[in-house]
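Use the sequences and the hints to build the structure in full.
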Amino acid sequence: KQEVTQIPAALSVPEGENLVLNCSFTDSAIYNLQWFRQDPGKGLTSLLLIQSSQREQTSGRLNASLDKSSGRSTLYIAASQPGDSATYLCAEGGATNKLIFGTGTLLAVQP
Amino acid sequence: GAVVSQHPSRVICKSGTSVKIECRSLDFQATTMFWYRQFPKQSLMLMATSNEGSKATYEQGVEKDKFLINHASLTLSTLTVTSAHPEDSSFYICSALGGRWETQYFGPGTRLLVL
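First to last, the protein sequences are chains L and P.
Sequence positions in the first sequence follow this note's numbering and run 445 to 555.
Sequence positions in the second sequence follow this note's numbering and run 64 to 178.
One thing to keep in mind: the hints can contain errors.
Incomplete in silico selection of chain P near chain L, CB under 7 Å [stated by the list, open to error]:
id, residue
1, Leu-107
2, Ser-152
3, Ile-156
4, Leu-160
5, Gly-162
6, Phe-169
7, Pro-171
Which chain P residues stay away from chain L? Per the calculated CB distances, all over 12 Å, these [unchecked claim]:
id, residue
8, Val-74
9, Thr-80
10, Thr-95
11, Gln-101
12, Thr-120
13, Leu-131
14, Ser-146
With a cut-off of at most 25 Å between alpha-carbon atoms, the simulated BS3-like pairs for lysine-lysine come out as follows [said to hold, decoys possible]:
id, chain 1, residue 1, chain 2, residue 2
15, L, Lys-542, P, Lys-83
16, L, Lys-542, P, Lys-104
17, P, Lys-127, P, Lys-83
18, P, Lys-77, P, Lys-129
19, P, Lys-118, L, Lys-486
20, L, Lys-512, P, Lys-104
21, P, Lys-77, L, Lys-542
22, P, Lys-118, P, Lys-129
23, L, Lys-542, P, Lys-129
24, P, Lys-118, P, Lys-77
25, P, Lys-83, P, Lys-129
26, L, Lys-486, P, Lys-104
27, P, Lys-127, P, Lys-77
28, P, Lys-104, P, Lys-77
29, P, Lys-129, P, Lys-104
30, L, Lys-512, L, Lys-542
31, L, Lys-512, P, Lys-129
32, L, Lys-486, L, Lys-542
The set of hints was computed from the structure by calculation and includes no laboratory data.
Remember, predicted model here, so these are calculated numbers, not experimental data.
The beta-carbon is built from N, C-alpha and C at its ideal position, and this holds for glycine as well.
Dropping the structure here:
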């Protein structure tokens, strides 16, 4: 059974700090890996999509990496801001276009 | 581009009634849409894959007779929760497959509360 795990489950940091969120997956044949942001009671906002042939993607203060051999992806957030507070979800994409979501990391950035 | 809408955004109903949720791709056509359910403080769980013009494919453990899915056009999929019960209260999110990389574009979600 394919599983996607995120560590830590919750994280609280002071404003300005750089941080790393971790995502582990069991399927080595993934097609892509996506990172999403979800605000309380809201839908998903796509942050970064990494195809299986890529090793990383960057958007502004966000950088996501993908290591298929070890089954890991990381989301690096530079110079965190209170507005970054949200739940961050990673999702593994397979051949059938289905997404398997991770357990999520609840991030709180303290002003 | 690639906007997906859901209607309603929030619904409260009595136990035993049926509720229909609509998912629309506003500016692109989607032969495939997905329906997810998210319970409080949990992640998204895929319920079913909705294919235009054919029957939906349900994930293991999801009752197809309880969660009726219709994908009658390339821009609309509907999920009907039949004979809803309090345990069906959840956040239902749809997505539509599209774009150059065939990625999923997500709707804003529908909050269902069954009393």
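Here is what the structure says about each hint:
1. Leu-107: holds, 5 Å
2. Ser-152: Because about 14 Å separates Ser-152 (chain P) from the closest Cβ in chain L, which is outside the 7 Å limit, the hint is violated.
3. Ile-156: holds, 6 Å
4. Leu-160: holds, 6 Å
5. Gly-162: Since the shortest Cβ distance to chain L is 10 Å, the answer is violated.
6. Phe-169: holds, 4 Å
7. Pro-171: Nearest chain L Cβ about 4 Å off; hint holds.
8. Val-74: Its Cβ never comes within 12 Å of chain L, the nearest being 14 Å, so this holds.
9. Thr-80: With a cut-off of 12 Å, Thr-80 (chain P) remains clear of chain L, as the shortest Cβ separation is near 23 Å.
10. Thr-95: violated, 7 Å
11. Gln-101: Incorrect as stated: the minimum Cβ-Cβ distance to chain L is 9 Å, not above 12 Å.
12. Thr-120: violated, 9 Å
13. Leu-131: holds, 20 Å
14. Ser-146: holds, 26 Å
15. L:Lys-542 <-> P:Lys-83: holds, 23 Å
16. L:Lys-542 <-> P:Lys-104: Holds. Lys-542 (chain L) to Lys-104 (chain P) sits at ~22 Å (cutoff 25 Å).
17. P:Lys-127 <-> P:Lys-83: Holds - the C-alpha atoms of Lys-83 (chain P) and Lys-127 (chain P) are around 14 Å apart, at most 25 Å.
18. P:Lys-77 <-> P:Lys-129: holds, 16 Å
19. P:Lys-118 <-> L:Lys-486: violated, 29 Å
20. L:Lys-512 <-> P:Lys-104: violated, 28 Å
21. P:Lys-77 <-> L:Lys-542: violated, 32 Å
22. P:Lys-118 <-> P:Lys-129: holds, 14 Å
23. L:Lys-542 <-> P:Lys-129: The hint holds at about 22 Å.
24. P:Lys-118 <-> P:Lys-77: violated, 28 Å
25. P:Lys-83 <-> P:Lys-129: Holds - the C-alpha atoms of Lys-129 (chain P) and Lys-83 (chain P) are around 12 Å apart, at most 25 Å.
26. L:Lys-486 <-> P:Lys-104: Satisfied, since the Cα-Cα distance of roughly 13 Å is no more than 25 Å.
27. P:Lys-127 <-> P:Lys-77: Status holds; Cα separation ~21 Å.
28. P:Lys-104 <-> P:Lys-77: holds, 24 Å
29. P:Lys-129 <-> P:Lys-104: Since the Cα atoms of Lys-129 (chain P) and Lys-104 (chain P) sit roughly 24 Å apart, the hinted pair holds (cutoff 25 Å).
30. L:Lys-512 <-> L:Lys-542: holds, 18 Å
31. L:Lys-512 <-> P:Lys-129: violated, 38 Å
32. L:Lys-486 <-> L:Lys-542: holds, 21 Å
The earlier numbered hints that this structure contradicts are 2, 5, 10, 11, 12, 19, 20, 21, 24, 31.
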